[in-house]
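These protein sequence lines map, in sequence, to chains A and B.
Take 1 as the starting number for the first sequence in my numbering and just add one per residue.
Take 1 as the starting number for the second sequence in my numbering and just add one per residue.
Hints listed in this document are in silico derivations from the structure and should not be mistaken for laboratory results.
No false leads were slipped in.
Simulated crosslink set (DMTMM-like; lysine to aspartate or glutamate; CA at most 25 Å straight-line):
1) LYS241/A x GLU30/B
2) LYS33/A x GLU168/B
3) LYS135/A x ASP129/B
4) LYS102/A x ASP88/B
5) LYS102/B x ASP104/A
6) LYS135/A x ASP65/B
7) LYS102/A x ASP90/B
8) LYS102/B x GLU105/A
9) LYS33/B x GLU146/A
10) LYS102/B x GLU149/A
11) LYS241/B x GLU105/A
Number of protein chains: 2
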Amino acid sequence: MSEDLKDYLERTAEQVDLMLDRYFGDAFGELFKASAHLLLAGGKRLRPAVLLLSAESVRPGSSDDLMHAAVALEMTHTFTLIHDDIMDGDATRRGAPTVHVKWDEPTAILAGDVLYAKAFEFITHAIADDRARVKAVAMLARTCAEICEGQHQDMAFETAEREIEGFEYIEMAGKKTGALYAASAAIGGILAGGNAVQVDALYQYGMNAGIAFQIQDDLIDLLAPPEKSGKDRGSDLREGKQTLIAITAREKGLDLAQYRRSDLTPEELDRAIAELEEAGVVDAVREIAEEKVATARRALSVLPECTERQHLDDLVEFFISRSF
Amino acid sequence: MSEDLKDYLERTAEQVDLMLDRYFGDAFGELFKASAHLLLAGGKRLRPAVLLLSAESVRPGSSDDLMHAAVALEMTHTFTLIHDDIMDGDATRRGAPTVHVKWDEPTAILAGDVLYAKAFEFITHAIADDRARVKAVAMLARTCAEICEGQHQDMAFETAEREIEGFEYIEMAGKKTGALYAASAAIGGILAGGNAVQVDALYQYGMNAGIAFQIQDDLIDLLAPPEKSGKDRGSDLREGKQTLIAITAREKGLDLAQYRRSDLTPEELDRAIAELEEAGVVDAVREIAEEKVATARRALSVLPECTERQHLDDLVEFFISRSF
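This is chain A alone, in the form it adopts within the complex (with noise of 0.2 Å):
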């Protein structure tokens, strides 16, 4: 990542978080606390940053008025987190207790609603043409019920008696993490008073950068040293989850179902790995990332040349080359 994109997010996400304080910092009354936790752990406020560049590509000067709408995202992100920890039973997130361990399953279920409906009075509050504020509304929805398909889909490849093919896994990353990059781009393109191509091509970008950044989540959690990702490595084969990785081994004949298991030993590991990246299977997903990437960047060709457009695009590189 450039000098230059490395400044930017981290005044982005400053200011976003500046700005979730001034909101959040003194909540008043336990559900609200409970909407705050996890959006005022953390994180690297990436979406708000595609929105802002987003807008910034398409309309200099626009993303001053739109830290709201770029809050939004942010708050449509974590209340998806909060729900979902609820459904996968996970215990921590961000290094903190996940919602419905700290409070308990109705206050986490209802943190997660309250989020969800300040996402949409945040996008309202942006300073924006009315039509436009409409469609980002709009834009907005559709997302989210996509988001809830994806996590859906995910869910029931865990328990599909049937093997789950690598289009699908994709289709399902679309929507899951695609959607809401899409919307990030596709939003700030919108309230900045973008044409349809301009919005389209975001939209595109956003949706492949989501899906590569996605894939590399799964090879974080394969192969990633846990000092670096914070993680704790190789959870996805130990619990045999339909990654990309998982499906693409299948294909190429390699059983992993020995590795299935929660006892697994680093070496066994270290041999699991070994065995991937020999029959070419760490490569072969790699590789559909990179893919990915291609497409998102050509997406931005339409967009005029500026720094913005520069970063979005070191930004998607970034997307597949992080190691956290």
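Given chain A, put chain B in place with the hints provided.
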């Protein structure tokens, strides 16, 4: 209720059912089916009726353009019921198994989340001025957050170690039930192009009507013969729920703790009712509901005199005369 209003409500319910059936009737996939389940299980469709009558009172003919918005309010109501049923652990509603029982809890969380998204999508489909649509979205969003707060307060009452006061109950009912009726009426007014005075009056109408509705629900639970209400008579009393009846009884020095038993006989229940009636509890609670109805009716006076304003007037009267 006048025959005219009865006809109107029936016709509106048919139109709502028709639109829901067109949209959700051949739902594809388990998640969409789970979202449609409770929505297609019937219901009085009172919130859509309030929205359409309010619009029509402000500008004759406007309601034709607002069916999507009317249905959005029904979706919002249904999403809150699906999530509430999970939190309250209820197994049946409208004579059918609840979503988390028929499917499972993760699916029910997502099914509610999908309807939540669809509600906002449908509001944007209203045929109305852009600025009005943005305002309608903002009001729906604020309302959803309020409903969550109301549900959270309601749950907190049950585990509170201190005594709940009457005004706290009314505040809770205002958020949990009043806010969505208030939003239904006000959004109808906003989308029909009403001025600020009209929209505020409609909001006050809906808020007071909704609180009266909730109080009547509690009276029905205690007093209505089950063959009429379709409910399990006296369930609030047996569970020791903090209703306005229980709070008022306590304030009048009555001890209801002896009736907090799941094996309460019909005779014991009759004795409890007699005790509550003799002590003036039932009358006192009714009086509060009637006062809310009077406030709701007074609010309507700023609207032009017309059939639809008369219907709104009749409707709130029905809210506290109904036994189902």
